[in-house]
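Start counting the sequence shown at -9; every next residue gets the next number (my numbering).
Certain hints may be false.
[As the list claims (entries may be wrong)] Derived Cβ-Cβ restraints for the label pairs, each shown as a range: (1) 108 x 17: 33 to 41 Å; (2) 108 x 6: 36 to 44 Å; (3) 109 x 63: 31 to 39 Å; (4) 48 x 9: 20 to 28 Å.
[Claimed, not checked] Here are the simulated BS3-like cross-link-like pairs (lysine-lysine), alpha carbons at most 27 Å apart as the crow flies: (5) 51 x 94; (6) 2 x 51; (7) -8 x 37; (8) -8 x 5; (9) -8 x 90; (10) 51 x 93; (11) 37 x 5; (12) -7 x 90; (13) -8 x 30.
Hints in this document: simulated from the structure, not taken from any laboratory. Idealized CB from N, CA, C, for every residue including glycine.
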Amino acid sequence: MKKENLKDDLIKIVKEKSLLTNVQRVLTSGRTSNYYIDAKMTTLDPKGAALTARLILDVLKSYDIDAIGGYTLGADPIVSVVAAFSSETERPLPAFIVRKEPKKHGERKMIEGPFQKGWKVAVVDDV
-9 MKKENLKDDL IKIVKEKSLL TNVQRVLTSG RTSNYYIDAK MTTLDPKGAA LTARLILDVL
51 KSYDIDAIGG YTLGADPIVS VVAAFSSETE RPLPAFIVRK EPKKHGERKM IEGPFQKGWK
111 VAVVDDV
């Protein structure tokens, strides 16, 4: 499928599943908006997740990176599906997730996943 078709299909899913209109929402900035995109409704949808992964992988092929990751919770579904889809490419990308605060038990990790110091990474979020 052509990249333009992938984009069009993803936009359609975002409009159908994630775009909320005529409902006033308070944004992180404290401002209000009559439009809100709940991206998780797209990134947790099977087709939305697949399209997101394919489009991100298309962008990332131009960059020399070792992994993809981001802050929990927004990045979790995105990095997981991108890592899974990347396994079918010539350059599989492991995923990592950054916690808001280190675990209080076990290894007390701040970063979950096979992350190594010095790696070049792509950082994503659902905003």
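Consistency of the hints with the structure:
{"no.": "1", "hint": "108 x 17: 33 to 41 Å", "in the structure": "holds, 36 Å"}
{"no.": "2", "hint": "108 x 6: 36 to 44 Å", "in the structure": "holds, 42 Å"}
{"no.": "3", "hint": "109 x 63: 31 to 39 Å", "in the structure": "violated, 22 Å"}
{"no.": "4", "hint": "48 x 9: 20 to 28 Å", "in the structure": "holds, 23 Å"}
{"no.": "5", "hint": "51 x 94", "in the structure": "violated, 37 Å"}
{"no.": "6", "hint": "2 x 51", "in the structure": "holds, 25 Å"}
{"no.": "7", "hint": "-8 x 37", "in the structure": "holds, 16 Å"}
{"no.": "8", "hint": "-8 x 5", "in the structure": "holds, 20 Å"}
{"no.": "9", "hint": "-8 x 90", "in the structure": "violated, 37 Å"}
{"no.": "10", "hint": "51 x 93", "in the structure": "violated, 33 Å"}
{"no.": "11", "hint": "37 x 5", "in the structure": "holds, 14 Å"}
{"no.": "12", "hint": "-7 x 90", "in the structure": "violated, 34 Å"}
{"no.": "13", "hint": "-8 x 30", "in the structure": "holds, 24 Å"}
Violated hints for the displayed structure, listed by number in ascending order: 3, 5, 9, 10 and 12.
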